[in-house]
Amino acid sequence: MQADVRGGPRLSEIVGFLPLVIFVGVLVYISLNAPNFVTVRNLELVLMQSLPVVLVCVGLAAVVMAGGDDVVSGGIDLSIPATAVLSAGITAQMLSLDYSLLSCALAALLACLVVGVINALLVTRVGMTPLLTTLAMFVAVVGVNNVITSSRRINVDHPWIIALRGTEIGSIPLGIILVAAIVIIGYFAMHHTRWGLNLQAAGGSKDAAEISGIGVNLLISHSFVVAALTGYVCGFFLLARGSGSSPGVQDNLMLEMVLATFLGAAFSPRRVVTMWGAVLGAVLVAAISIGFKSMGVNVFWTGLIKGSLIVVVVAFSAISQRVR
Amino acid sequence: MSSSATRQNHLVQIFLRFGFLIVFAVFFVLFAVWNPVFLQGGNLLNIVEGSAILLIMALGLTLIVATGGIDLSIGIALDFGAAFAVVAMSSYGLDWFSAACAGIIGGSLVGLFNALLVVGLRISPFLATLSTFFIGSSVQRIFTNGGGPISYRRMPEEFRNLALGDVLGVPTEAVIATVLALIYFLVLERSIWGRQIHAIGMQRSAAIVAGIRVNRILILCFVCAAMTCAVGGLIAAANIRMFTPLSGFSYLLDAIAAVFIGAALHPRGRPNVLGTVAGVLFLGMIANGLNLMGLNFNTKDALQGIILVSALALAVAQRRARSS
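Protein sequences, first through last, are from chains P and X. Going by our numbering, the first residue of the first sequence is number 1, and it counts up by one from there. Going by our numbering, the first residue of the second sequence is number 1001, and it counts up by one from there.
So that you can see chain X by itself, here it is in the shape it has in the complex (with noise of 0.2 Å):
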């Protein structure tokens, strides 16, 4: 009875321990069943490919969320580096490049705006992007007159294959972010920045007694998270040749739930930078199976949602039950 007890006590314990990883290949699995086209190679790398903008998100949203803050206005440093890399092309005649960078530098604008309230004003992150999301929503409908999109259509063969194009066959888009995804790494798990940055969200009092120069590194982070952002507004607007106000508010929840995620499988609780691509690619991987089994839209919306909710539920679970 009660070795029976114990047994069944330790295979809780096992599911929870691997769970995360159990839950990934159970949907994995069902997904392939359902429909063999999943497993093809082609839509292996559409779902990478299709995770690109929102990977590119979640890692600017990593490092605040590393800090121990939260930015809510992650899409608007997007929407930004669109509409000055489209406008500096359409209407300045720019070449692709120098367009790129203004998209970056107008994605910089939100970061350092982010910064001045949170740092200078010293108000919470979270209301500090919250206003900065309804002041960036309100001055792109102001400039685009109520939020119409703005289209280019003889952008530069080079700037549409920041969508489009190929490197060695791997999609751009893949190729940009898996190399932001790297520097990331380095730089966050690596470096000795990256300990400063850990320190100052873990125990911050500790971090302004150690030394470590707190308001510069946050004005730094807010402005590197806005600028990855931007990158990302870039290949969106590279892939449909147009700036489309507002847009980037649409990454926010997903990029949210994947750094969560990736905080949930680590031991300590902590965003990372590894955890952060699980939870994209997980999140890729259930919108891309749920399209294929062909369900209705709002079916699929809702199941996507539910599947989220338990995901977290579980790696929080598996976190505590790693730790305890």
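Isolated chain P, as found in the complex (with noise of 0.2 Å):
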């Protein structure tokens, strides 16, 4: 009997390893098969692609930590790639009539916080499910962007904007160090403060943060104005990445910000969504992505194997659970 309680917890530890256990046995088989895969240069080119997702994610994770995580009726903002995307279209298209860089960005940055904020009124206020508001607000966001850069790719060559890219310090990318501080800011300001627990408080169990004193709904809407300005900083990133804005990034960026964030519960003791875990998920599936390019695998079957994989991890993570 006492050896039956004490297997239990051994059995559900070995289970609850295995969606990681797979992700590292993917990379190791992708490693043996293309020989430049592990490279400090290759790595860094790994690192350099997340970046984008990574910021969404780190916002994503605050909206889902501060709303609870089942998907449909809990927190959730889909419209962080649209917001992002809003970013780089103003920033592009007022750097191509000539403004300066920092009116560009105080432009970009007021309407990206417009999105935070309706995102927050639509979801306290009129009380509207996160889900259905950040979809529809998605589709509008994207809607505006288009008219504002008329639907067309616009080049950028501001060397402030290309530096995230191109400047190193200490052989270490500039983006990378820019984007590891918003990373670790972020995790401090979710684990380490009396806002961020409270924020946490107010996702695992509304009405009992509710019965202690804390004000739930400005928390969440606090969480929703993180993740537009997460979106607003993945703007300049994605301007970088692509050397400027061009139409229909939104897409992409909001499918791999949900598969890297809910990925990553997978990867948590507890399966739930964490920081680290959306971080680690962003950057193994863009490993992922990268290597099988690297092994010469078609990229038609590269939406095969992201699908498969998160069928693998979440089948295992549902039945670590269930062996709980």
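Simulated from the structure, these hints should not be mistaken for lab results. Warning: the hint list may mix true and false statements.
Between beta-carbon pairs, the in silico distance windows are [as the list claims (entries may be wrong)]: (1) T1178(X) - V126(P): 29 to 37 Å; (2) I1142(X) - G166(P): 31 to 39 Å; (3) S205(P) - R1268(X): 19 to 27 Å; (4) V1029(X) - L106(P): 36 to 44 Å; (5) R1153(X) - Y99(P): 47 to 55 Å.
Partial chain P-side listing against chain X, Cβ under 10 Å, derived [claimed, not checked]: (6) V40; (7) N42; (8) L45; (9) M48; (10) T124; (11) G127; (12) A140; (13) T149; (14) W301; (15) T302; (16) V311; (17) V314; (18) I319.
Just so you know, even glycine gets a beta-carbon here, dropped at the ideal spot from N, CA and C.
Join the two chains, each given in its own frame, into one complex according to the hints.
Here it is as structure tokens:
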């Protein structure tokens, strides 16, 4: 009897690690078959590639932590990629009209804040579910951005924006340092401040949080504004990565963001969305995409592989919860 | 002073109560005044005909949302329906009816896969259908060598009539959509199965306790929804005499919007067939009206998005005002 009690958690611990084990296994397989995969240069490439997704994942993690992690009724912000594209679009368009970078950045900031505040108001005041609100906002914001940019590609060669991609500080690219700093600030804000802990309490159980005097709606509003801000910063990394703003980036970014954040939940011990899990998910997804590319796997197959990975990882995390 | 305040409050209440109807009417009048063509019988028929595929997709989605889930892969079911039917005719020379059946069976495969993930592996519907979306898109890319359309110019007349023919002067696609809407209405709102489906969606654990065969019903719902969307695929393929890979995705956001507008119109906020029909017609009217205003494509898109957000917000606010 006692052996059963002790055996239970051990089994669940093993199953619980499986999602990560599978991922690492796939990466080992790739590195055995693609000779150049495990080089500093290539790992840097993986990180650089994942930066925009990492940024929006930080924002999404904040919203999910504040709203609860039920995808349909809990907190989710699908509009972050649209906000990112809006930030990139406004900046690119204004730069092409010879405004200074500072005024471009301020205008984009204002627009992104408006998106965040509208999301917050619709969810907390009107009482719409976040999934519905942010999906509709995604459509509207992309529409507005297409009006601003006339749905065309705008090249950007401003040295400061290209610096996000090219400049290195002590052989580490500037972009990686900046995003790492944002992730660390995000982590501290979420896990080591009163505000962050209240935010998590609100997401854990809305009723319990409200009874203990936490202003749940205000915190949920904060999380949407934070998400919009990560989208805003992400816009500049999109400009750097693509040397300009191009239409249609948002769809793929949304899929990768959702994929990475919820895969991240499968990596965490309690199966909840966390900041680290989301970041790890984003980097691993980029690593696998680039890995299969350098192995010479046909691009048409990447969707199939990504889809199967979600199934395998999420299924294992569901099984481990049942074993527990 | 206080009486004027209460009267003002009263007006707000009236507006909230009938808000969505008022907005529907305001837009209707606005479009009619702007361009008299809008009101002509032919154009109103255009709206209905143009909304047929969206209505069919939204009906399938209504079924899934009623069970408390979500289906992001309805577009894949549409693509599979179109692909199986076109290939059955062009490569295997089947007659139009067998080809239509092949298309519907092809679509049902998507539903079966979803059911396997959601019921069999207990993955949450959002993540399960997201991976179906990834896998299904990838399968189409592999099958078509990167996403080129498969056209079949010598499509039988009977099959083409699914989109281009008419029954007593009413376009066939509108007839098919209406018949499906009627069947869905009878099953979902007027039958014991419908009660059971809604019971699962409202409180799953209570439904299990009440002895409802939850798993069996969920499997049936996913398969039926996918088959319904495949019918939309048949119409789409008949319309342009070809299968265009990944074309179903464009209906997803509108279908979700229609279902949730419909749910917001329901007194208890449940997804329902009549509401979905109203949502689809509203979206169709807006798209048609904005087209007739002769706006630039980008402006039209942005306006449509903004109207979508406002309409959803109003519909939700209205429901809350009614229930309070």
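Could you check the structure against the hints above and give me the numbers of any it violates, in ascending order? Violated: hints 6, 7, 8, 9 and 10.
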